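Colleague: One letter stands for each residue in the lines below.
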Amino acid sequence: MIVGNLKPLEEIVASIADYKNIFVLGCGGCVSVCLTGGDRQAHELATDLNHIRHYKAGKPKFNVHTVERQCEPDWLNTYLTIPENTDAVLTLACGAGVQTMASIFDSLPVIPAINTTFMGSNVEPGVWQEMCQGCGDCMLGVTGGICPIARCAKTLFNGPCGGSSNGSCEVDQKIPCAWAMIYYKLKKTNQLHYLMKVREPKNWQPAGGAGPRKLVRPFNKPL
Amino acid sequence: MSELKSGSNLEKILNAGHFAFTGECGPPKGANVDHLNEKLSHLVGVVDAVNMTDNQTAVVRMSSIAGSVLMMEKGLEPNFQMVCRDRNRLAMMSDILGAYAMGIRNMLCLSGDHQGFGNHPEAKGVYDIDSMQLIAMVKKMRDEGKFMNGEDIDGPPKLFIGAAANPFADPYEYRVFRLAKKIKAGVDFVQTQCIFNMEKFRDFMKQAVDMGLHQKCYILAGVTPMKSAGMANFMSKFVPGMDIPEPLIKRLRGVAKKDQSEEGIKFSLEQIEEFKEMEGVAGVHLMAIEWEHRVPEIAERANVLPRPVVD
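Sequence lines, in order, name chains D and Z.
Numbering follows the working numbering, with no gaps: position 122 of the first sequence is 109.
When you read off a place in the second sequence, starting at 1, and then add 27, the result is the number in the working numbering.
Distance condition first, Cα-Cα at most 20 Å in a straight line; then the derived DMTMM-like pairs of lysine to aspartate or glutamate: (1) Lys167(Z) - Glu178(Z); (2) Lys151(Z) - Asp159(D); (3) Lys172(D) - Glu200(Z).
Computed Cβ-Cβ distance ranges for the label pairs, DEER-style: (4) Leu117(Z) - Glu71(D): 50 to 60 Å; (5) Gln178(D) - Glu297(Z): 39 to 49 Å; (6) Glu273(Z) - Asn109(D): 33 to 43 Å; (7) Asn109(D) - Gly177(Z): 39 to 49 Å; (8) Glu(-3)(D) - Ala150(Z): 18 to 28 Å; (9) Glu226(Z) - Leu(-4)(D): 50 to 60 Å; (10) Glu273(Z) - Lys175(D): 24 to 34 Å; (11) Ser68(Z) - Asn109(D): 58 to 68 Å; (12) Met129(Z) - Pro205(D): 51 to 61 Å; (13) Leu179(D) - Leu296(Z): 33 to 43 Å; (14) Asp237(Z) - Pro205(D): 50 to 60 Å; (15) Leu179(D) - Leu117(Z): 28 to 38 Å; (16) Gly72(Z) - Gln120(D): 47 to 57 Å; (17) Lys208(D) - Thr84(Z): 56 to 66 Å.
Some chain Z residues close to chain D (C-beta under 8 Å, calculated; not the full set): (18) Arg116; (19) His141; (20) Gly143; (21) Gly152; (22) Tyr154; (23) Asp155; (24) Asp157; (25) Gln160; (26) Asn193; (27) Lys208; (28) Lys211; (29) Gln220; (30) Pro267; (31) Gly268.
I should point out that these hints are in silico values taken from the structure, not numbers from a laboratory.
Keep in mind the model is a prediction, meaning the values are calculated, not measured.
Quick reminder that beta carbons are idealized off the backbone N, C-alpha and C, glycines included.
Next up, chain Z with everything else stripped away, as it sits in the complex (with noise of 0.2 Å):
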């Protein structure tokens, strides 16, 4: 066990040698809670650590900051989402310092996806900086203790710096170079885009493994429950940066539409398995979307409960 550099509960399970489960929640579209809180329920007691995205596909949520910080008031460890589209370097410093300052300690750093995607494509995009960029910026402010100008912070931002890995996008074989670059630039902890390819993935793996990339890092295999044949076609075809490989999409739709559903979470149980077999991952990130209420079922079949407590 090395010496903590957040203190969240993700990093002391996963410094702990535990198999962590992270979930993931959208924020509102709208300042009403109700549906937030009746989400986050679901999740308590279930998972790590729980994502709080960033105007995920470029859509205006609440921010992820108030996000987060409701999350907290829930009993929920929040993974606070952000994104280079929306801010410059200033309003990122700053409000990391915010959300530390909240009592959030894990934070993912993104790209984002392309405003054109959004329900405001005439916005002008930001992209000061980029996801490489951020991890390197708040590991100096935890680590040096200094903004970006390198000047000095008054009370360091403590975050267990986390980012995303995408194994299906292309050049496919500088896929694992991105990884080790994003280790170099300071990142504690991966959560790979939803694995569906799963050769690929072994092989993606292996690459990682062979440069020990994963005793660098903390690699969580992203997992999304298919709920029916439809969403993994649609998906196939209109979700940037996803890989659904046919045989996938017929198993799905060689049962009855009321089983697809089950079929999907049968999928997502028989990867948990192998996961927590496979070497270097440290972990699973289940993005249930708008499927919340499933995930203590599918904790429960994956045998992840109860979750580790770790002091």
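Looking at chain D on its own, in the form it has when it is part of the complex (with noise of 0.2 Å):
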């Protein structure tokens, strides 16, 4: 899933100082399930913004709502109706979800209420890790189900570097060695012949180097 994170609330009321009427917008998909930008974080952050404290020159009203997905605009289009008095959208969804909004509720401005960090899995209760960064060209068949383009720090493609050290990354020790996890699930797997093969280097074009991505499939016959 995309997982986001809570902006510092001191850079959220910057951001909506100059409105009067703000539409909050959780969104029920990915941010919902890891407890970031979802309906109950939607009315925890409007009940956090709603101090008199935060603001010079009045408090700001706030209406808040939560719409199944952020990123598809027909939940838009169609569910969605945006309150007649709002003058701003403070959208707790992941920066898909941020650019759909503003892309169909183009007159009105449209603010991020989280950062959008990872693609990732919930690995342990409240623990979100980050697992895959899209590359565009998957190698985790030969490499353990274990993706070192997003788990190791320096996205090596030939084993573990030399700051490897008891199975943690030189980076951090609270950080696992991708490349010494990939190791000992190929030898568990016997497949360490994955391992003695050397990688050519990456064709990034997939990953985004060749400009934004786009998918484009054709409608599905019936079946």
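Put the two chains together into one complex, using the hints given.
Modeller: And the structure:
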């Protein structure tokens, strides 16, 4: 899923200071699952923002709502009604949701309340771990299902660097060394031969090196 | 003796079967080259080549190409270091051509310390390619006369290709295979991480020799003389990839503070004597960090002087 993190309250306050009627919009998708931008967090944020001490020239009014998925134009076009007097939208969606909102409601300022951080998964209660950088050319099949692009600090392709120590990355002992994990996983699955091959330099074009990426799919034929 | 790939002094020495002795020097943190020249002056005639580091520990310094050229002006042969952290493949290839055109003949291909360690931790690390791929790229440029994309190079860079090997990083059982992989990628010589754990290094070399790696690539053992017990303790705790056994720290602590540097040098000399006899070790790479003025003395006491001259 896409993981995000709420911006510091002071930054959010500064970004909405010029507006009187603010529509706080949560997203029921990924950011709801990672407990950052869902309906509950939208209400909590509005409550936190609703203190006069934050504002020099009067407190704005907040309307709170959550839409199922802010990254889908159909949801926004069909199901979302923005209150008439709204002069800015403060959204808790990821960057994709913020941009979809901004393009559909193009006469309103749309302000992000969260920082979109990474694509990851929930590895233990309350902890999300970066897993994928969307490089467009997946090599997980030869790396034991552990991604060196997302999880090695140097995005190495050919095994652990000289800084791998006791299973930890040289950057921080709390970060596991992705290549040490890959080594032990491939050993377990009897696939260490994958580590003996010199991997060719990566083509970064599918990773965004050729400009913004797009997926175009034909409509499915009936089964 | 085989045909020379680069004709560098270091290659000639190794190719002739001499025990190589290389040094290391960091470029200045500024455009003032006085201190660099002073450091280099101690190394003339004492070592076969000198590594010129590339923004080591991710701290900005004068470029390693410029440092290498300044070194040549002093009559020393550079081993030009290049890390994958700061350049993409375009910048790397163009710098390799520039380095060669300026007279550089040895090159060390490294991943580089992560930018988070340095003085610009906010920087975006490049890591377009890794050290393994850099080795293969330089080899392709040299032997096939082609850029990575297959286009012809007008005047291929004939470089002696080096890399690092760290027998003390983990997973230990993979390290010798990583060296084998670097050889497969095209490396001519490797310099190891500073060795302090001799027992582990003996074991690593045995594995390398059993696999015949020493016949495909020159292995230079990394030696760093400890200046004090404090330095040993600091390196053991804070420098990535270091393996400093407790008995060595104890040995340094066991003598008076003023004698600790002498004790550190003594340990280095004992190591060098053992490396001279160790199967598969082709030389020593002495990393006397900001201790260049002690290198002539160490070389003298290690009985590696005068350095051989090979035509």
